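Peer 1: Now for the letters of each chain:
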Amino acid sequence: MPADFWTVMFPAVTAAFLASIVEVVEAFTIVLAVGTTRGWRPAITGTVAALGVLALIVLLLGPVLNQIPITALQLFVGVLLLLFGMGWLRKAVLRSAGVLPLHDEIEAFGKETSELRAQTGAPQTLRWIAGIAAFKAVLLEGLEVAFIVIAVGSGKGLLWEASLGALAACALVLLVGAFIHKPLAQVPENTLKFGVGVMLSAFGVFWTGEGLGVEWPGADLMLLPLAAIFLVAGLVTARMANNSFHRSAA
Amino acid sequence: MNILGDVFKELFKMFVADMRLTLTILIGVALVAALLAAAVVGPGLAGLLLIVLCIAVLAEAVMRETRARRGR
Numbered sequence: 004m005p006a007d008f009w010t011v012m013f014p015a016v017t018a019a020f021l022a023s024i025v026e027v028v029e030a031f032t033i034v035l036a037v038g039t040t041r042g043w044r045p046a047i048t049g050t051v052a053a054l055g056v057l058a059l060i061v062l063l064l065g066p067v068l069n070q071i072p073i074t075a076l077q078l079f080v081g082v083l084l085l086l087f088g089m090g091w092l093r094k095a096v097l098r099s100a101g102v103l104p105l106h107d108e109i110e111a112f113g114k115e116t117s118e119l120r121a122q123t124g125a126p127q128t129l130r131w132i133a134g135i136a137a138f139k140a141v142l143l144e145g146l147e148v149a150f151i152v153i154a155v156g157s158g159k160g161l162l163w164e165a166s167l168g169a170l171a172a173c174a175l176v177l178l179v180g181a182f183i184h185k186p187l188a189q190v191p192e193n194t195l196k197f198g199v200g201v202m203l204s205a206f207g208v209f210w211t212g213e214g215l216g217v218e219w220p221g222a223d224l225m226l227l228p229l230a231a232i233f234l235v236a237g238l239v240t241a242r243m244a245n246n247s248f249h250r251s252a253a
Numbered sequence: 300m301n302i303l304g305d306v307f308k309e310l311f312k313m314f315v316a317d318m319r320l321t322l323t324i325l326i327g328v329a330l331v332a333a334l335l336a337a338a339v340v341g342p343g344l345a346g347l348l349l350i351v352l353c354i355a356v357l358a359e360a361v362m363r364e365t366r367a368r369r370g371r
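Protein chains in written order, with the working numbering: chain D, 4 to 253; chain E, 300 to 371.
Worth double-checking, as some hints may not be accurate.
Stretch by stretch, here's where chain D covers chain E in the computed footprint (C-beta under 8 Å, at least three residues) [claimed, not checked]:
1. 315-325
2. 357-368
No farther apart than 25 Å at their CA atoms in a straight line, the calculated lysine to any residue pairs in the SDA-like style are these [to be verified]:
3. E:K308 <-> D:G65
4. D:K139 <-> E:F314
5. E:K312 <-> D:T17
The set of hints was computed from the structure by calculation and includes no laboratory data.
In this text, all values refer to a predicted model and were calculated from it rather than measured experimentally.
Ideal Cβ placement from N, Cα and C applies to all residues, glycine included.
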């Protein structure tokens with residue numbers, strides 16, 4: 004086992020895995036709507052095409068980033084991770100506090116199904132439109148996963164490990180989805196989003212600091228206290244927002 | 300369906316979910332870099348500044364959104 008397994012590899016692969024679950028669940032809802040409304044052929048074709056495009060993005064961008072000097076790469080990726088992770092954490096905190104509504108997969112499934120049913124035209128055209136809907140859903144949701152895989156993977160040369168984490172999540176969601184054949188509304192999406200936001204923010208601060216020349220006490224080990232700090236800050240902020248929101252509503 | 304347009308919109312949303320949060324983080328990181336380069340703060344204190352900045356920005360962004368939605 005590598006020396007930095009618990010401090011770097013495990014958090015990186017876990018972040019890619021959990022983020023992938025959140026996004027694949029959302030994409031699966033649309034693909035399921037396409038499959039049950041217009042048949043599985045356009046749903047599967049659109050999905051496979053989008054996964055191919057995403058794989059290409061990771062395969063092309065990953066090695067390119069590895070050519071950038073490590074300090075510049077850490078600063079660049081660190082700032083992007085910070086912006087992205089803090090964005091996720093902010094949204095998850097607001098949802099957790101009850102300020103924003105939770106994402107509802109059943110509602111998303113109903114909306115997509117209604118939109119697909121409302122379209123008119125020749126069967127071939129309708130299948131084509133449905134295939135594009137599946138392609139777009141998987142591509143747009145997958146972009147965030149591709150970014151996370153590239154970002155957490157490139158800083159420490161863990162591109163393959165992070166990709167495998169994301170693929171494992173994809174396989175798990177598809178397997179469960181194929182078995183129950185319903186939108187995966189029971190997945191605790193916001194809790195996962197909260198956790199991933201915490202981890203990505205911690206990675207973001209750590210790498211931004213490394214890129215700037217910050218000397219973190221304990222080096223890579225500092226990732227764990229950083230994650231703990233963001234977790235506590237997120238929970239406290241959620242409590243404060245909840246109190247403020249509901250006090251005024253009462 | 301403009302897929303390419305949607306892709307760019309999604310990419311923008313990924314990093315600019317909240318414009319003020321994004322700008323404050325970018326300005327804060329630049330400020331810490333400048334303080335570090337001018338040797339006003341040491342490498343240890345710079346890390347602490349980064350952490351405090353991020354927590355403050357997160358709390359401000361959440362409470363601002365909460366206040367904005369409270370009146371609706």
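Peer 1: Could you tell me which of the numbered hints above are not met by this structure, giving the numbers in increasing order?
Peer 2: none
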